[in-house]
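Chemist: Construct the complete structure from the given sequences, taking the supplied hints into account.
Take 1 as the starting number for the sequence shown in my numbering and just add one per residue.
Each hint should be verified, as a subset may be incorrect.
[What the hints assert, rightly or not] 25 Å max Cα-Cα, derived SDA-like pairs, lysine to any residue:
#1 Lys-283 / Pro-182
#2 Lys-283 / Gly-184
#3 Lys-300 / Ala-262
[What the hints assert, rightly or not] Quick list of simulated restraints, FRET-style, between CB atoms:
#4 Gly-149 / Pro-191: 39 to 47 Å
#5 Thr-311 / Ser-171: 38 to 46 Å
#6 Thr-253 / Glu-295: 30 to 38 Å
#7 Ala-144 / Pro-288: 32 to 40 Å
#8 Arg-166 / Pro-191: 25 to 33 Å
#9 Ser-130 / Ala-192: 20 to 28 Å
#10 Ser-156 / Gly-225: 35 to 43 Å
#11 Gly-185 / Thr-221: 14 to 22 Å
#12 Glu-295 / Gly-149: 19 to 27 Å
#13 Asp-157 / Thr-264: 15 to 23 Å
#14 Ser-251 / Ala-192: 32 to 40 Å
#15 Glu-280 / Ser-220: 16 to 24 Å
I should point out that these hints are in silico values taken from the structure, not numbers from a laboratory. Given the structure is predicted, the values throughout are model-derived calculations rather than measurements. Glycine is no exception: its CB is placed at the ideal position from the N, C-alpha and C atoms.
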Amino acid sequence: MDRRLAFVPLLALASTALPGCVAVAIPALAGSAVVGSRVTDNPADPAPEATPAVEAEPAARTAVLPPVTAPVPPQVSAPVAASSAVLPPPPALPPAPAPAPAPAAVTTLPPVFTAPGPSAAPVSAPAEFSEFVRYTRLAAATAAEGEEGRLSAMLSDPVAVDGARRRCAASEQTVAVIDLDPVGGVFAVPPAPRAAPGFAQALASLREAGVVIAWISNLSTDESGAMRSALEQSGLDPRGQDIISLRLDTSNTKQQRMESLAATTCIIAIAGDERPDFDERFKYLRSPEAGAGLEPVIGKGWFLIEPPFATEGMNAQ
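Modeler: Quick look at the structure:
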């Protein structure tokens with residue numbers, strides 16, 4: 001008996017009892033099983049004819065629905081920009097008025113200074129003081145290079161008159177001492193202090209070179225405020241940064257104060273208006289010839305200068 005005939009009633013029953021999609025699947029499954037069975041049982045038999053596909057059409061029509069496609073909106077071309085439209089030309093504008101001429105620049109010049117005479121020309125310090133400044137600046141430059149053994153203006157022996165001098169360490173601060181006391185007297189603070197010509201500028205150059213300036217006098221320390229004001233007002237020490245060494249009592253000599261200062265610094269030069277300003281041993285020489293060994297130091301550490309403050313009849317700065 002042909003096995004295909006046995007499956008026909010079963011397929012008919014299944015097609016009526018199952019939904020469309022399942023009913024379609026069963027004939028395909030049954031057909032596949034039949035073909036496989038025939039190949040196994042009787043390989044010599046010819047292959048069965050394929051089941052007509054007409055029986056599956058109703059179910060296929062029921063299960064397969066055409067896809068719903070949303071309508072494509074018609075493409076709308078972009079509106080033409082209004083600027084592309086042909087417009088009538090704008091009315092011609094009236095010509096712009098010519099700009100007003102810029103006001104001429106006004107340059108304010110300082111008033112012309114009229115020199116009153118030869119005294120208004122640049123004034124330089126006297127030759128002796130200029131040499132004092134030059135020597136001190138050179139010594140300061142040597143110290144900046146770290147050179148050891150600079151000659152001090154202080155004598156090495158406390159009693160000898162041979163002119164032998166101390167030597168300074170490179171690390172010691174360079175100091176220049178200026179004696180303010182006049183010959184044979186004591187400095188008096190002037191009521192209207194004025195610097196001698198060229199002194200203020202020369203001292204400023206020493207400070208720029210790193211030299212500390214020390215003013216020394218036998219004036220009492222009670223006058224230290226007046227002394228400081230005089231130096232500032234005259235321009236000799238406009239910033240009040242210099243050292244002032246005044247007498248504490250009658251036993252406190254200038255030599256003692258210079259020795260104390262030289263213990264911590266390098267006094268490279270001393271300026272005064274008489275030889276005892278450099279060292280007090282000049283006071284005790286039996287004759288000028290006895291101090292012949294000290295004379296070579298003058299101009300090379302000791303400098304005889306005019307008073308730093310202007311006196312009557314002297315043109316001040």
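Chemist: Next, verify each hint and record whether it holds.
Modeler: Each hint, compared with the structure:
This hinted pair checks out: Lys-283 and Pro-182 have alpha carbons roughly 15 Å apart, not beyond 25 Å. Proximity of Lys-283 to Gly-184 is assessed by CA-CA distance (about 11 Å); at most 25 Å being required, the pair is judged to hold. Among the hinted pairs, Lys-300 with Ala-262 is consistent with the structure: their alpha-carbon atoms are about 17 Å apart, no more than 25 Å. The hinted range of 39 to 47 Å is satisfied by Gly-149 and Pro-191, whose Cβ atoms lie roughly 46 Å apart.
Between Thr-311 and Ser-171 the CB atoms are about 40 Å apart, so this pair conforms to the stated range of 38 to 46 Å. Taken as a hint, the range 30 to 38 Å is violated for the pair Thr-253 and Glu-295, whose Cβ atoms sit roughly 23 Å apart. The hint said 32 to 40 Å for the Cβ distance between Ala-144 and Pro-288, and at roughly 38 Å that hint holds. The hinted range of 25 to 33 Å is not satisfied by Arg-166 and Pro-191, whose Cβ atoms lie roughly 40 Å apart.
For Ser-130 paired with Ala-192, a C-beta distance near 26 Å keeps the hint of 20 to 28 Å intact. Between Ser-156 and Gly-225 the beta carbon distance is about 36 Å. The supplied range of 35 to 43 Å therefore holds. Between Gly-185 and Thr-221 the Cβ separation comes to about 18 Å, which falls inside the hinted range of 14 to 22 Å. At about 23 Å, the CB distance of Glu-295 to Gly-149 agrees with the hint of 19 to 27 Å.
The beta-carbon spacing between Asp-157 and Thr-264, approximately 20 Å, falls within the hinted interval of 15 to 23 Å. In this structure, Ser-251 and Ala-192 meet the distance hint of 32 to 40 Å, their C-beta atoms being roughly 33 Å apart. Against the hinted window of 16 to 24 Å, the Cβ-Cβ separation of Glu-280 and Ser-220 comes to about 19 Å, which satisfies the hint.
In this structure, the earlier hints numbered 6 and 8 are contradicted, and the remaining ones agree with it.
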